[in-house]
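Since the structure of chain E is provided, determine the placement of chain X on it from the hints.
Just so you know, the protein sequences line up as chains E and X, in that order.
Residue numbers for the first sequence follow the working numbering, so the first one is 4 and each next one is one higher.
Residue numbers for the second sequence follow the working numbering, so the first one is 5 and each next one is one higher.
For the record, the hints were derived by calculation from the structure and aren't laboratory data.
The structure presented is a predicted model; accordingly, all values stated were derived computationally and were not measured.
Hints are not guaranteed to be accurate.
[To be verified] No more than 27 Å apart at the CA atoms, straight line, and that leaves these computed lysine-lysine pairs for DSS-like: (1) E:K148 / E:K449; (2) E:K27 / X:K116; (3) X:K85 / E:K28; (4) E:K27 / X:K44; (5) E:K790 / E:K65; (6) E:K449 / E:K296; (7) E:K185 / X:K85; (8) X:K86 / E:K28; (9) E:K65 / E:K473; (10) E:K473 / E:K449; (11) E:K365 / E:K417.
[Unchecked claim] To list a few chain X residues with every Cβ distance to chain E over 10 Å, as calculated: (12) K6; (13) A36; (14) I47.
The beta-carbon is built from N, C-alpha and C at its ideal position, and this holds for glycine as well.
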Amino acid sequence: MLRIISFLVALLLTSGLIYILDSKKVLPVPLGKLLSPQEGLWQNAEPVNASFNDELRFPDLKGKVDVYLDERLVPHIFAEDDNDAYFVQGYLHARFRLWQMEFQTYAAAGRISEIIGDRAVSYDRTQRRMGMVYGAENALREMEKDPAIKASIDAYTAGVNSYISNMSSSELPVEYKLLGYKPEKWSNFKTALFTKAMTNDLAGYDRDIEFTHALQVLGEENFRILFPEIADSSATIIPKGTVFSQPAVMPEKPATADSLYLHRRDSAWFLPDFKPDPANGSNNWAVAGSRTKSGRPILSNDPHLRLSLPAIWFEMQMHTPNFNAYGVSFPGIPGIVIGFNEYIAFGFTNSERDVRDYYDIKFKDESRREYWFNNTWRATENRVEEIKINGGFSLMDTVSYTVFGPVLYDKSNKTQLKDNRAYALRWVAHDPSNILKMWHLLNRAKNYDDYLAAIKYFNIPGQNMLFASKDGNIALWQQANFPMRWKDQGLFVMPGQDSSYMWKGFIPQEENPHVINPAEGYISSANQRPVDSTYPYFIPGNYDVYRGIIINRRLSSMEQVTPEDMMKLQNDNYNVFAEYARPILLNNIERSKLDDTEKKYLYILSAWNLKNDPQEKGPTVFTNWWDSLQQVIFTDELNQTDLPVIMPEKFVLLEALLKDTAFRFIDNIRTKEKENLPDMITIAFKKACMELQNAEKEGRLNWASYKNTSIYHLLRNGALPFARTGLQNGGGVNVINATTHDHGPSWRMVIQMTDEIEAYAVYPGGQEGNPGSRYYDNFIDQWTTGKYYRLWFMSEKEKNDKKIIWKMIFRS
Amino acid sequence: MKFLVSVLLTALLGFSLGLYFPWWTVALSGFAVNYFLFQKPLIAFASGFLGIFILWGIITMMRSIANDHILAHRISLMILKKDNPNLLIALSALIGGLVGGMGALCGSLLRKTRLTA
Chain E
4 MLRIISFLVA
14 LLLTSGLIYI
24 LDSKKVLPVP
34 LGKLLSPQEG
44 LWQNAEPVNA
54 SFNDELRFPD
64 LKGKVDVYLD
74 ERLVPHIFAE
84 DDNDAYFVQG
94 YLHARFRLWQ
104 MEFQTYAAAG
114 RISEIIGDRA
124 VSYDRTQRRM
134 GMVYGAENAL
144 REMEKDPAIK
154 ASIDAYTAGV
164 NSYISNMSSS
174 ELPVEYKLLG
184 YKPEKWSNFK
194 TALFTKAMTN
204 DLAGYDRDIE
214 FTHALQVLGE
224 ENFRILFPEI
234 ADSSATIIPK
244 GTVFSQPAVM
254 PEKPATADSL
264 YLHRRDSAWF
274 LPDFKPDPAN
284 GSNNWAVAGS
294 RTKSGRPILS
304 NDPHLRLSLP
314 AIWFEMQMHT
324 PNFNAYGVSF
334 PGIPGIVIGF
344 NEYIAFGFTN
354 SERDVRDYYD
364 IKFKDESRRE
374 YWFNNTWRAT
384 ENRVEEIKIN
394 GGFSLMDTVS
404 YTVFGPVLYD
414 KSNKTQLKDN
424 RAYALRWVAH
434 DPSNILKMWH
444 LLNRAKNYDD
454 YLAAIKYFNI
464 PGQNMLFASK
474 DGNIALWQQA
484 NFPMRWKDQG
494 LFVMPGQDSS
504 YMWKGFIPQE
514 ENPHVINPAE
524 GYISSANQRP
534 VDSTYPYFIP
544 GNYDVYRGII
554 INRRLSSMEQ
564 VTPEDMMKLQ
574 NDNYNVFAEY
584 ARPILLNNIE
594 RSKLDDTEKK
604 YLYILSAWNL
614 KNDPQEKGPT
624 VFTNWWDSLQ
634 QVIFTDELNQ
644 TDLPVIMPEK
654 FVLLEALLKD
664 TAFRFIDNIR
674 TKEKENLPDM
684 ITIAFKKACM
694 ELQNAEKEGR
704 LNWASYKNTS
714 IYHLLRNGAL
724 PFARTGLQNG
734 GGVNVINATT
744 HDHGPSWRMV
754 IQMTDEIEAY
764 AVYPGGQEGN
774 PGSRYYDNFI
784 DQWTTGKYYR
794 LWFMSEKEKN
804 DKKIIWKMIF
814 RS
Chain X
5 MKFLVSVLLT
15 ALLGFSLGLY
25 FPWWTVALSG
35 FAVNYFLFQK
45 PLIAFASGFL
55 GIFILWGIIT
65 MMRSIANDHI
75 LAHRISLMIL
85 KKDNPNLLIA
95 LSALIGGLVG
105 GMGALCGSLL
115 RKTRLTA
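Bound conformation, chain E alone (with noise of 0.2 Å):
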């Protein structure tokens, strides 16, 4: 009997310590599983030496594949079929990005719950009240009915589910095992979520909320000043001079505009949530053969995003008997994004242009089943969503949509929304659009018309879309459905009781800004105001000024142009804010009132370069300075209400002290005497130099170390062993090399177009995911340092080339 109990006793104890390790209720992680050399992240730990080698058979095949992996893991794929090619490309994806392609749809549909449980349930409620999911779906119908791009999509996702389906539990990515949960099918809509998700990042922004309160704290006149249309300095995309035609149609502004809308009182206040980063940018330029060494055209491109690992971008090149690009693709969607193929090279910057508006909805009652429209009420059509919850129980959120769209806010997430009042998004996103046909078309384009063509397709998010090809055309296009507004319309939130304050239909294709081989020799763009106040439309955004100003400067001096001018120009690390803004600091301090660490860090700024260069301190003297400037002088108006309102960009301040040193916003309304300039320039460096006596003990007063640029895995602080930190790059806000702490240059790439192109680039990360690979971030230290790889445009031909290290064989 003793011997009975003493067996229980250890069985017991035995399932007790395997229920412990295998589960994660009582350790954070399921220890023995994740240790299990395997089946657990032991089987991640993928040999220096792997061998990528493989023959699959697939019976989904029309044709043969054969795929090329040259040393740093970019596939070249030959495929005799075109939808094979994408069958592939999909199986590839899954093979080296599953777990991130996963992750960011999930994001995109607001999911994250699902996965981490219940401290992401508002982040979920906000994307599924932007209507994310209801706009991925209207996308994927309308690229459903297009019978190319319905088969490309098709056979991407039967290449990501091969892989899937065909994938032990010891090969799950090692976030999966960590986490605690496998991959689902992949499927279309995941495909069109991926769209939406880049459209977020890239058109989501707004700050019509932000705004409504400013124009409401400071009145119209100073609100104009400190959030104006237009930057007098700013060096346009499209050349100045450039005459734009007259529109045939112009929208009306309502007759209750003023009343109703610029002087509305309102006391709902509150913040908006899940802004995406204003940051999300670019620079792209492209070269005329007049200005090169070649005499043909070269076009640079880096896309600014947040740095992430697993990198956002995949290099592939992709080659069939239709169409041969290479570039790089985003893991969740067919095609290359980024690059060249054997006639033309395209590139993306970000438009920056307001595709999003608020509508002030007022509900019939509690049940917000009905709201006025019209002098009626009209019912809304109401969608549950069920946002699950890991280790908890589903949330239920209904989500009303009337005419504007979904209904983002309401006293259920902002109690300020008082009286059954809410506000409806109208989103550009929300339209159903083709716009993987885009890239399905320019990865095929021969010529200037192949590309027009292709981008008319292109309906969010806007983008200034740069074409150079072959045949010496340079040309760029800012594109997208961009609504057609009266000036002022969608500033701010608007009335939405009637149809008077909807957008009457969107700015003419033809009349969207662009420009052809101009007499410049040169077209760039940087994320600024594309047009002068000439355009006749009116067009709200979030504006960069400075880049632009720089790269067109240096553009404007450039002759015999080479790759080698560009990758430099790429990585220039001027500041040409800090040329502008500098002599008004050191013409204002007043030295007399300053000790000598003071004047220490005084000196080290008027001997600065100019130059975010790593090692100067300057950067960080100057970066401090300016940004105390901003607070010392914008928050005493700004902060009239609990409130923070949104700072001005940066500048307004530095125009505004350029023309005037008695601007209006100087003296700090706080205080019974009237401030002039030099006090406030010499109290807001007094501020900065306690942040800098703080940043030089701990040793960080250099640019690099201060700045401290890191790529965090996409899990952030949950995953903080997977990042790099500390990196040695230079470069910042307003500089052509715009890395700052955690955001920058997501992919350089320098193309000539050369009968032979010559193409260079590097991105931030590897091509695997798995951060046990020596491929998750090898590239890092090349892009750090400014270095590029020349690209490999394989040819039939060179199958046998010995830059080919492996090669995987796709049969049916």
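Just chain X now, kept in the frame of chain E:
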């Protein structure tokens, strides 16, 4: 001798089960070996522990060395808050050993109930 044989058998059976079944089947390996090859409970535990400790230790070490410890550096920082691949290897082996040893203990104790019967 019997001890050495059972250590080896536990490791071998543990490895084979691990090819097809979940990680915790190493407990079944310890259990089976010590049920059929009876040893006193404490010795059984020691042999099961050692068998799987060695098995997991060797595989993880081989995998990690082939990987230049790239993953082990990152995971040890994550789990142990210390950049120490060897410690992570040791922890893996220890966990395997414990589970294998407990399985072996159960095997021995069950056999003991049969012996008297």
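Status of the hints after comparison with the structure:
{"no.": "1", "hint": "E:K148 / E:K449", "verdict": "holds (25 Å)"}
{"no.": "2", "hint": "E:K27 / X:K116", "verdict": "violated (34 Å)"}
{"no.": "3", "hint": "X:K85 / E:K28", "verdict": "holds (21 Å)"}
{"no.": "4", "hint": "E:K27 / X:K44", "verdict": "violated (34 Å)"}
{"no.": "5", "hint": "E:K790 / E:K65", "verdict": "violated (40 Å)"}
{"no.": "6", "hint": "E:K449 / E:K296", "verdict": "holds (23 Å)"}
{"no.": "7", "hint": "E:K185 / X:K85", "verdict": "holds (26 Å)"}
{"no.": "8", "hint": "X:K86 / E:K28", "verdict": "holds (24 Å)"}
{"no.": "9", "hint": "E:K65 / E:K473", "verdict": "violated (33 Å)"}
{"no.": "10", "hint": "E:K473 / E:K449", "verdict": "holds (9 Å)"}
{"no.": "11", "hint": "E:K365 / E:K417", "verdict": "holds (15 Å)"}
{"no.": "12", "hint": "K6", "verdict": "holds (20 Å)"}
{"no.": "13", "hint": "A36", "verdict": "holds (13 Å)"}
{"no.": "14", "hint": "I47", "verdict": "holds (14 Å)"}
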